[in-house]
Amino acid sequence: MARAAVNPKVLSTPSSVGLPEVAMLAEDAKTWKQGQLMYLTSGTVTPVAAATGGSAVYGIAAEDQATATSTSTVNILRLVSGTRLEMYVTATAADAAIGTANLGTGYDAYTKSNVSYIDTDGTTGAQFQVVRLFTDYQAERAVHDGNTDATTPGICEVLFTEA
Amino acid sequence: MAATTLYQPQRGIIDWRSYGKLYDKTFDSIRLKKESVPREGAQFFSHEDTNLETWKVGEVTPNLDTPQKNNDTDRIPLMAPLDGYSKSFTNVQRRAGFIVTRQAIEAQKTRQITAMLTGLPNSAARLEEIAYSSVFNGGFDTVTTGDGSYLFAADHNYEDAQFGAWSNTAVAGSAFTTDSYFDAWLSFQQRDGSNGTPEPRNPKYVYYPTGLAEDVMKVKGSTQYPQNSLNANMPELINGFTPVIGHWLTDADAWFVVSESEEAQRGLIMVWQTRPEFAAISDSMNPDLVMGKRLRMSFSVGALHGRDIYGNSGVS
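Residue numbers (the working numbering), protein chains in the order written: chain V, 373 to 535; chain G, 231 to 546.
Check the hints yourself; a few may be wrong.
[Unchecked claim] Here are some, though not all, of the chain V residues that point toward chain G, as calculated from beta-carbon distances under 10 Å: (1) 486; (2) 511; (3) 524.
[As the list claims (entries may be wrong)] Here are a few chain V residues that face chain G, going by a calculated C-beta distance under 8 Å: (4) 386; (5) 394; (6) 531.
Because the hints were derived from the structure by calculation, they are not lab data. For every residue, glycine included, the Cβ atom is placed at its ideal position computed from N, Cα and C.
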């Protein structure tokens with residue numbers, strides 16, 4: 373079964389009721405989709421892009437920003453240390469596999485086509501530490517879907533640490 | 231026209247904003263999509279309950295050697311049962327859950343919350359079916375039996391090694407026809423016991439992926455040979471099976487035949503340490519967590535032997 377990447381799934385949070393939701397000022401002239409990773413710049417939130425912000429992630433967009441507007445307030449799910457996410461894997465622009473060699477290593481975020489990945493080419497901030505592989509925690513599902521660790525884009529569970 | 235992609239919030243919690251998106255779009259009504267779980271695999275498996283994390287099962291065979299020529303003056307030759315193969319099953323625990331916050335209740339997301347209550351048991355049922363089907367899906371190249379060979383293989387060893395190997399698969403994959411089904415029937419009829427003497431089975435179920443339904447029905451539904459221009463009558467042994475369609479089978483070509491053996495004799499085993507059970511999630515430090523459910527299940531699935539099953543990898 374073909375595998376297409378989606379935005380991070382929150383598997384567990386340190387709090388029993390999930391991630392804190394905060395209203396933040398949006399950076400001007402930016403749009404995004406809910407579920408994308410966001411970072412802070414000069415007091416405003418803006419989506420993690422291909423080359424920027426991937427090493428200082430702040431939260432997850434709780435709603436779409438369909439129109440690029442200034443001075444608008446948007447809701448962000450603030451990622452806190454200890455949150456576990458299921459994320460897809462890219463190496464810069466190309467979908468990438470994930471394997472046991474990646475376990476324990478921290479990576480940065482990367483966004484393409486409104487989907488946020490971990491980037492195995494980026495280790496500057498290393499906020500997303502790979503802790504489990506999909507073929508480990510969903511072994512039967514991987515077989516059923518015809519996927520292995522070599523399937524691209526890879527899927528893994530990551531542990532988030534605040535910048 | 232291309233379909234629109236939905237970018238889910240995927241936050242793992244039903245709070246007041248999750249699903250709130252639907253209301254933001256000012257629907258007048260919300261339809262619950264039908265999401266049922268086809269239950270198919272359990273009938274082929276023997277189900278064992280255990281409180282052990284690792285469960286080991288062994289085989290014993292009462293098949294003694296044939297009596298020898300022996301006079302009264304000779305000592306009686308003694309015989310012992312053959313050792314059988316064994317297999318260990320290591321259970322793996324799975325958990326999942328959902329929680330609902332007070333704000334979700336206040337925002338009257340009750341219909342969505344109700345949907346979640348059926349969603350969690352269905353999630354467990356899906357994993358169970360995927361586990362059952364994984365034994366078939368991986369039977370040619372992943373799942374091994376107690377003798378160390380793949381579940382569907384031509385090199386299963388007899389317990390008494392002097393008799394060599396036996397097969398429960400087709401040498402080359404083939405489509406489902408009267409001919410290939412007869413090969414399967416023959417394989418069951420020609421099965422031998424642990425020391426190479428006849429131990430026949432009767433096939434009962436044909437388990438096949440959806441794409442083979444027409445082929446199977448041609449054989450099952452016909453009283454005459456579909457491929458035979460002389461319209462020869464087909465014997466009962468060819469179409470006397472029970473067809474079972476396998477929606478969870480991932481190979482579009484492979485098909486399987488299961489014998490009529492009793493459940494306890496079957497080599498396919500589902501070992502349950504914890505059948506799906508649910509518990510309430512609460513947090514005394516946070517009164518805004520109104521309710522939640524935790525699912526826990528622990529099991530393993532596998533094959534001790536493949537004597538009561540036949541696999542044909544099919545043709546694409």
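Residue hint residue 511 of chain V, partner chain G, criterion CB-CB below 10 Å: holds, 8 Å
Does residue 486 of chain V hold up as a contact with chain G if the rule is Cβ-Cβ below 10 Å? holds, 6 Å
Go through the hint on residue 394 of chain V and say holds or violated, using the shortest Cβ distance to chain G against 8 Å. violated, 12 Å
Given residue 531 of chain V as an interface hint, is its Cβ closer than 8 Å to any Cβ of chain G? Given a least distance of 15 Å, the restraint on residue 531 of chain V is violated.
Identify whether the interface hint at residue 524 of chain V stands, where standing means a beta carbon of chain G within less than 10 Å of its own. Check failed: Cβ of residue 524 of chain V comes no nearer than 19 Å to chain G, outside 10 Å.
Supplied contact hint for residue 386 of chain V, tested at 8 Å Cβ to chain G: It is violated, given that the least Cβ distance between residue 386 of chain V and chain G is near 12 Å, above 8 Å.
Hints 3, 4, 5 and 6 from the earlier list are contradicted by this structure; the remaining hints agree with it.
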